[in-house]
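Enquirer: Chains as they are written, first to last, in our numbering: chain A, 455 to 581; chain B, 4 to 182; chain C, 13 to 132.
Just to be clear, a hint being listed does not mean it is correct.
Restricting the straight-line Cα-Cα distance to at most 20 Å, the calculated cross-link-like pairs of lysine to any residue (SDA-like) are [unchecked claim]:
| no. | chain 1 | residue 1 | chain 2 | residue 2 |
| --- | --- | --- | --- | --- |
| 1 | A | 558 | B | 44 |
| 2 | A | 558 | B | 131 |
| 3 | A | 558 | B | 70 |
| 4 | C | 124 | C | 82 |
| 5 | C | 54 | C | 82 |
| 6 | C | 124 | B | 70 |
| 7 | C | 124 | B | 69 |
| 8 | A | 558 | B | 45 |
| 9 | A | 558 | B | 129 |
| 10 | C | 124 | B | 44 |
| 11 | C | 14 | C | 44 |
| 12 | A | 558 | B | 41 |
| 13 | A | 558 | A | 498 |
| 14 | A | 558 | A | 492 |
| 15 | C | 14 | C | 112 |
| 16 | C | 124 | B | 126 |
| 17 | A | 558 | B | 145 |
| 18 | C | 124 | B | 129 |
Hints were generated in silico from the structure; no laboratory data involved.
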Amino acid sequence: MRALVIDDSRAMRRIVTGILAGFGYEVRDAEHGRAALDVLGEGWLPDLATIDWNMPVMDGLQFVSAVRANPAWRSMTMMMVTSESEHTQIVRALAAGAHEYVIKPFTADAIRDKLALLGLLPQEVSL
Amino acid sequence: MTTTDTGARRRASDVRPVITDLIDPATVEAIAAEAWVALIGEDEVLVPLPGELPVDIVSSWVDVVGPWTGSVVLTTARSTAEELSRALLRDTAPAVLDDEDVADAFGEIANVVGGNVKAALPGPSALSLPQVGNAPLVRNPADVCRLDLLWRGEPVAISVQGALPPLPGSTPTRENEVS
Amino acid sequence: MKILIADDSRVMRQIVIRTLRQAGYDDHDIVEAEDGADALAKVSSEQPDLVLSDWNMPNMTGIECLQALRASGSAVPFGFVTSEGSAEMRERAANAGALFLIAKPFTEDTFKEHLDGVIA
Chain A
455 MRALVIDDSR AMRRIVTGIL AGFGYEVRDA EHGRAALDVL GEGWLPDLAT IDWNMPVMDG
515 LQFVSAVRAN PAWRSMTMMM VTSESEHTQI VRALAAGAHE YVIKPFTADA IRDKLALLGL
575 LPQEVSL
Chain B
4 MTTTDTGARR RASDVRPVIT DLIDPATVEA IAAEAWVALI GEDEVLVPLP GELPVDIVSS
64 WVDVVGPWTG SVVLTTARST AEELSRALLR DTAPAVLDDE DVADAFGEIA NVVGGNVKAA
124 LPGPSALSLP QVGNAPLVRN PADVCRLDLL WRGEPVAISV QGALPPLPGS TPTRENEVS
Chain C
13 MKILIADDSR VMRQIVIRTL RQAGYDDHDI VEAEDGADAL AKVSSEQPDL VLSDWNMPNM
73 TGIECLQALR ASGSAVPFGF VTSEGSAEMR ERAANAGALF LIAKPFTEDT FKEHLDGVIA
């Protein structure tokens with residue numbers, strides 16, 4: 455399975471990439487929504503995108519709306535990654551078409567539980 | 004969990020609760036009734052009878068984010084929202100209510116109902132500021148607790164609705180699946 | 013007495029003022045603040061004898077305002093009037109130094125119950 459990690463923080467991209475690679479994902483990353491759309495535009499369509507909320511150029515909410523506008527990208531599951539201070543806004547991203555969310559800081563187990571629910575764990579993992 | 008997960012035996016409700024597992028319509032109705040008496044007036048009752056909402060409607064809602072994530076949404080005719088705002092403001096209501104007054108007052112009713120719904124749900128969870136406009140769409144028809152009421156003969160709908168889409172394969176028939 | 017009422021909803025500020033009046037506390041100066049940051053500034057500029065604050069507000073929440081007040085050494089009596097009255101929030105309010113938490117919806121009796129002894 456493929457995942458696209460979208461975050462303007464290099465440290466966060468590394469952390470999330472490390473977690474997803476550990477589950478067996480092939481991972482690419484992008485530093486904002488616009489760069490992520492470019493990756494999708496290349497034809498590299500992931501099963502999962504993890505999406506930061508606040509990013510320059512194109513933020514997470516704008517990215518979700520852009521993805522929902524293209525039926526060819528419907529199969530991609532969008533998981534918002536949000537901080538505690540902005541998490542009451544998360545319903546706006548879900549209403550725009552995101553599928554799940556996690557609140558920072560999170561553990562690899564928390565991500566794994568969400569992916570298991572969504573049927574997006576590449577390897578059979580015993581809980 | 005210590006058992007090996009086979010995927011087949013899991014149901015959505017095991018791990019991601021839907022609203023009907025957490026609160027019943029009678030509780031939401033009691034919360035709304037109490038809010039109406041305190042905010043709108045002592046003799047103001049909500050009658051549990053469905054009415055037909057007109058075309059020109061407006062919603063106010065607050066979002067709850069926690070073990071259950073979704074919105075508590077009030078929807079009425081625009082004219083009913085104005086009447087509610089006027090009743091709420093009582094003697095301080097201006098002769099002509101502007102949109103901001105209605106947004107403030109109607110939003111505050113959703114805030115009070117939503118805050119009390121949140122308190123009845125498992126926590127910890129957080130409440131957003133009230134919003135007014137077109138209600139968020141229902142993402143998962145199985146994750147909705149909806150009440151249709153009448154206030155002074157006008158329809159008022161209260162919807163406690165989840166923000167997450169259904170999980171893959173969590174169609175209602177799966178509820179009957181035997182592990 | 014001077015009472016500062018902090019709520020981002022103008023309607024709710026008016027309801028609080030009205031309920032104070034109905035509860036018999038009608039002979040006091042009222043100052044209004046529209047969020048926590050405004051309340052924090054007005055506690056120092058207006059020197060109120062009591063703060064009645066909403067919890068959820070933009071810019072600065074009520075609990076953040078209370079924490080900032082206590083951190084700056086202010087001991088102004090502070091109570092919440094909020095749409096959320098869960099046990100968890102009551103505990104957070106008490107731990108931060110709030111005198112009481114009145115959950116919306118409230119009546120004049122709720123106000124009397126919490127404010128008798130606080131308002132002279």
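Enquirer: Now tell me, hint by hint, if it's right for this structure.
Expert: Evaluated hints:
{"no.": "1", "hint": "A:558 to B:44", "in the structure": "43 Å, violated"}
{"no.": "2", "hint": "A:558 to B:131", "in the structure": "18 Å, holds"}
{"no.": "3", "hint": "A:558 to B:70", "in the structure": "15 Å, holds"}
{"no.": "4", "hint": "C:124 to C:82", "in the structure": "26 Å, violated"}
{"no.": "5", "hint": "C:54 to C:82", "in the structure": "15 Å, holds"}
{"no.": "6", "hint": "C:124 to B:70", "in the structure": "35 Å, violated"}
{"no.": "7", "hint": "C:124 to B:69", "in the structure": "33 Å, violated"}
{"no.": "8", "hint": "A:558 to B:45", "in the structure": "45 Å, violated"}
{"no.": "9", "hint": "A:558 to B:129", "in the structure": "15 Å, holds"}
{"no.": "10", "hint": "C:124 to B:44", "in the structure": "19 Å, holds"}
{"no.": "11", "hint": "C:14 to C:44", "in the structure": "11 Å, holds"}
{"no.": "12", "hint": "A:558 to B:41", "in the structure": "38 Å, violated"}
{"no.": "13", "hint": "A:558 to A:498", "in the structure": "27 Å, violated"}
{"no.": "14", "hint": "A:558 to A:492", "in the structure": "26 Å, violated"}
{"no.": "15", "hint": "C:14 to C:112", "in the structure": "18 Å, holds"}
{"no.": "16", "hint": "C:124 to B:126", "in the structure": "30 Å, violated"}
{"no.": "17", "hint": "A:558 to B:145", "in the structure": "28 Å, violated"}
{"no.": "18", "hint": "C:124 to B:129", "in the structure": "29 Å, violated"}
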